[in-house]
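Chemist: Heads up: the sequence lines are chains D and A, in that order. Sequential numbering from 2 applies to the first sequence in the numbering used here. Sequential numbering from 2 applies to the second sequence in the numbering used here.
No wet-lab data here; the hints were simulated from the structure. Be careful, since some hints might not be right.
Any copy, or any two copies together, can satisfy a pair, since identical chains are not distinguished.
Dumping the calculated SDA-like pairs for lysine to any residue here, alpha-carbon to alpha-carbon at most 20 Å [to be verified]:
{"id": "1", "residue 1": "102", "residue 2": "235"}
{"id": "2", "residue 1": "36", "residue 2": "76"}
{"id": "3", "residue 1": "102", "residue 2": "231"}
{"id": "4", "residue 1": "24", "residue 2": "193"}
{"id": "5", "residue 1": "102", "residue 2": "230"}
{"id": "6", "residue 1": "102", "residue 2": "35"}
{"id": "7", "residue 1": "102", "residue 2": "32"}
{"id": "8", "residue 1": "102", "residue 2": "251"}
{"id": "9", "residue 1": "102", "residue 2": "138"}
{"id": "10", "residue 1": "102", "residue 2": "170"}
{"id": "11", "residue 1": "102", "residue 2": "31"}
{"id": "12", "residue 1": "98", "residue 2": "237"}
{"id": "13", "residue 1": "24", "residue 2": "186"}
{"id": "14", "residue 1": "24", "residue 2": "272"}
{"id": "15", "residue 1": "98", "residue 2": "57"}
Number of protein chains: 2
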Amino acid sequence: MTFSDYPADARRTITGLSNPTVKSLRALRDTRLRKREGRFLAEGLRLLTDARESGLIPQTLVMAERRDPHPLLTALEADILATGGEILEVSEAVLEKITGKENPQAVAGIFAEFDTALSRIDRESAPIWLVAQALRDPGNLGTMLRTGDAVGAGGVILIDDCADPFSVEAVRASMGAIFTQKVVRARWDEFLTWLRAGTGQLVAASLRDAVPYRGAPYQAPCFLMVGNESRGLPEEYERACDLRVTMPMRGRADSLNAAVAAAVLAYEVLAALES
Amino acid sequence: MTFSDYPADARRTITGLSNPTVKSLRALRDTRLRKREGRFLAEGLRLLTDARESGLIPQTLVMAERRDPHPLLTALEADILATGGEILEVSEAVLEKITGKENPQAVAGIFAEFDTALSRIDRESAPIWLVAQALRDPGNLGTMLRTGDAVGAGGVILIDDCADPFSVEAVRASMGAIFTQKVVRARWDEFLTWLRAGTGQLVAASLRDAVPYRGAPYQAPCFLMVGNESRGLPEEYERACDLRVTMPMRGRADSLNAAVAAAVLAYEVLAALES
Numbered sequence: 002m003t004f005s006d007y008p009a010d011a012r013r014t015i016t017g018l019s020n021p022t023v024k025s026l027r028a029l030r031d032t033r034l035r036k037r038e039g040r041f042l043a044e045g046l047r048l049l050t051d052a053r054e055s056g057l058i059p060q061t062l063v064m065a066e067r068r069d070p071h072p073l074l075t076a077l078e079a080d081i082l083a084t085g086g087e088i089l090e091v092s093e094a095v096l097e098k099i100t101g102k103e104n105p106q107a108v109a110g111i112f113a114e115f116d117t118a119l120s121r122i123d124r125e126s127a128p129i130w131l132v133a134q135a136l137r138d139p140g141n142l143g144t145m146l147r148t149g150d151a152v153g154a155g156g157v158i159l160i161d162d163c164a165d166p167f168s169v170e171a172v173r174a175s176m177g178a179i180f181t182q183k184v185v186r187a188r189w190d191e192f193l194t195w196l197r198a199g200t201g202q203l204v205a206a207s208l209r210d211a212v213p214y215r216g217a218p219y220q221a222p223c224f225l226m227v228g229n230e231s232r233g234l235p236e237e238y239e240r241a242c243d244l245r246v247t248m249p250m251r252g253r254a255d256s257l258n259a260a261v262a263a264a265v266l267a268y269e270v271l272a273a274l275e276s
Numbered sequence: 002m003t004f005s006d007y008p009a010d011a012r013r014t015i016t017g018l019s020n021p022t023v024k025s026l027r028a029l030r031d032t033r034l035r036k037r038e039g040r041f042l043a044e045g046l047r048l049l050t051d052a053r054e055s056g057l058i059p060q061t062l063v064m065a066e067r068r069d070p071h072p073l074l075t076a077l078e079a080d081i082l083a084t085g086g087e088i089l090e091v092s093e094a095v096l097e098k099i100t101g102k103e104n105p106q107a108v109a110g111i112f113a114e115f116d117t118a119l120s121r122i123d124r125e126s127a128p129i130w131l132v133a134q135a136l137r138d139p140g141n142l143g144t145m146l147r148t149g150d151a152v153g154a155g156g157v158i159l160i161d162d163c164a165d166p167f168s169v170e171a172v173r174a175s176m177g178a179i180f181t182q183k184v185v186r187a188r189w190d191e192f193l194t195w196l197r198a199g200t201g202q203l204v205a206a207s208l209r210d211a212v213p214y215r216g217a218p219y220q221a222p223c224f225l226m227v228g229n230e231s232r233g234l235p236e237e238y239e240r241a242c243d244l245r246v247t248m249p250m251r252g253r254a255d256s257l258n259a260a261v262a263a264a265v266l267a268y269e270v271l272a273a274l275e276s
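Given the sequences, and given the hints that come with them, work out the whole structure.
Modeler: Structure, rendered in structure tokens:
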């Protein structure tokens with residue numbers, strides 16, 4: 002199949018910074034506008050390949066003109082055109098404007114946002130699930146998704162008012178895990194009702210009535226919860242946990258980055274469940 | 002002691018955005034200009050209190066007008082004036098301009114950059130040291146400092162071309178650990194020569210000739226090295242390690258955020274050394 006086999010309007014070249022399509026793609030970096038559109042942006046051939054391997058094809062592919070041909074990109078282009086998507090060839094200036102990044106990657110894809118209902122979860126499908134409460138930093142959220150992928154977690158459940166998991170920053174930090182991890186949004190009471198209707202151990206790092214995190218009696222499926230970056234978890238949420246664990250703090254600050262704490266705990270749970 | 006006891010020029014009120022002092026403080030957010038000045042900015046009363054407890058007093062204190070009085074701030078103000086420093090009262094607009102942040106914290110301090118020579122390290126003073134090679138993200142660097150503080154590490158050694166540890170982003174992510182951890186910059190050959198002239202085990206996560214990270218024979222002082230975010234460690238650096246360890250990767254991506262990998266390893270080393 003060659004270029005000329007596809008409908009003419011499926012491929013366009015855009016160089017003007019004020020082109021309406023460029024403006025609408027640029028809007029995906031604004032959380033409010035992005036949510037209204039129900040679409041998100043993922044950059045780089047590696048991420049797009051991860052997505053494709055998970056069966057997800059972008060609606061629109063944006064790529065720099067005169068890029069080096071790459072067999073993975075050619076395969077992706079064919080898939081997009083076959084599924085009725087669109088390919089835009091743009092100048093580097095346009096790509097910078099869309100991604101908000103100097104020296105952007107040569108290719109980006111626009112995807113339809115996923116369904117984030119709790120009903121998407123099959124809790125038995127993975128030994129570990131991460132739960133984030135009011136996590137405000139999209140980089141932390143993306144890093145948790147990435148860690149989730151590494152430990153074989155099923156996904157990340159977002160409780161209360163969390164950062165946007167489909168923001169450019171979160172997707173970037175997830176390094177492709179946005180496509181391999183389930184992303185769920187739920188209210189606390191909704192989550193707790195769902196959790197208690199089946200198996201599942203709710204675990205959090207805490208100073209209240211807690212046991213050392215090493216050697217704690219973790220059980221699958223283990224739901225590992227971390228709280229807001231500055232306030233931590235509300236006391237009520239900690240009380241609802243089946244297991245509260247403490248991590249050693251040998252320094253002055255007595256705290257860890259939320260994504261770091263989640264990762265240290267997740268690796269501990271992984272080791273306990275596999276031993 | 003009251004306001005009027007201090008020299009008049011030690012306290013100033015600035016409201017104009019184009020004031021030269023504001024411009025020179027704003028320049029601290031630019032890496033090149035910041036390095037030339039040899040000063041850095043730390044935001045928030047909590048960080049400034051951490052610094053004070055480590056014996057570090059800012060040269061200049063910048064604070065919002067009409068802030069709530071706070072005993073810690075009053076003590077800090079007295080220290081600054083006693084050490085010949087300066088206090089600037091500014092409008093919120095000026096504070097936003099200096100910190101580059103909407104809704105900035107009500108107070109920020111300007112500190113002289115620390116000496117980052119390898120000779121500042123007493124390797125026996127801590128069981129763990131973190132080593133970062135060509136780490137490009139200042140947030141990752143700050144997070145490593147914070148983790149270092151939590152595990153009781155001595156500090157972070159920066160090899161090759163790393164992000165600026167005194168950048169606003171790194172200082173912010175360190176959550177005060179910039180004041181409790183040693184920060185060292187060294188060339189690889191310089192570091193290796195120094196390391197081999199005394200005790201110290203060099204450890205890295207690696208796929209080459211490596212043992213599982215759990216139960217590996219860690220020894221203090223343990224120098225835990227992580228590489229660049231996208232390229233990892235150069236092969237030569239991995240070969241120079243005394244111990245190479247692997248971490249389980251159960252997902253598709255086969256990688257972790259550099260600061261996360263450092264933290265998971267650091268907690269493992271801490272547990273091994275303390276058991």
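Chemist: The structure should be examined with respect to each hint, and the outcome stated for every one.
Modeler: Right, here's what the structure says about each hint:
1. 102 with 235: Answer is neither: 36 Å inside a copy and 27 Å across each miss the 20 Å cutoff.
2. 36 with 76: So residue 36 and residue 76 fail the 20 Å test inside a copy (29 Å) and across (47 Å) alike.
3. 102 with 231: between (28 Å within a copy, 17 Å between copies)
4. 24 with 193: neither (41 Å within a copy, 51 Å between copies)
5. 102 with 230: between (26 Å within a copy, 17 Å between copies)
6. 102 with 35: Close inside one copy (17 Å), not across copies (22 Å); limit 20 Å.
7. 102 with 32: both (17 Å within a copy, 18 Å between copies)
8. 102 with 251: neither (38 Å within a copy, 31 Å between copies)
9. 102 with 138: both (18 Å within a copy, 14 Å between copies)
10. 102 with 170: both (11 Å within a copy, 17 Å between copies)
11. 102 with 31: both (14 Å within a copy, 17 Å between copies)
12. 98 with 237: neither (44 Å within a copy, 39 Å between copies)
13. 24 with 186: neither (28 Å within a copy, 43 Å between copies)
14. 24 with 272: neither (48 Å within a copy, 52 Å between copies)
15. 98 with 57: neither (25 Å within a copy, 42 Å between copies)
Hint compliance for this structure: hints 1, 2, 4, 8, 12, 13, 14, 15 are broken, all remaining hints hold.
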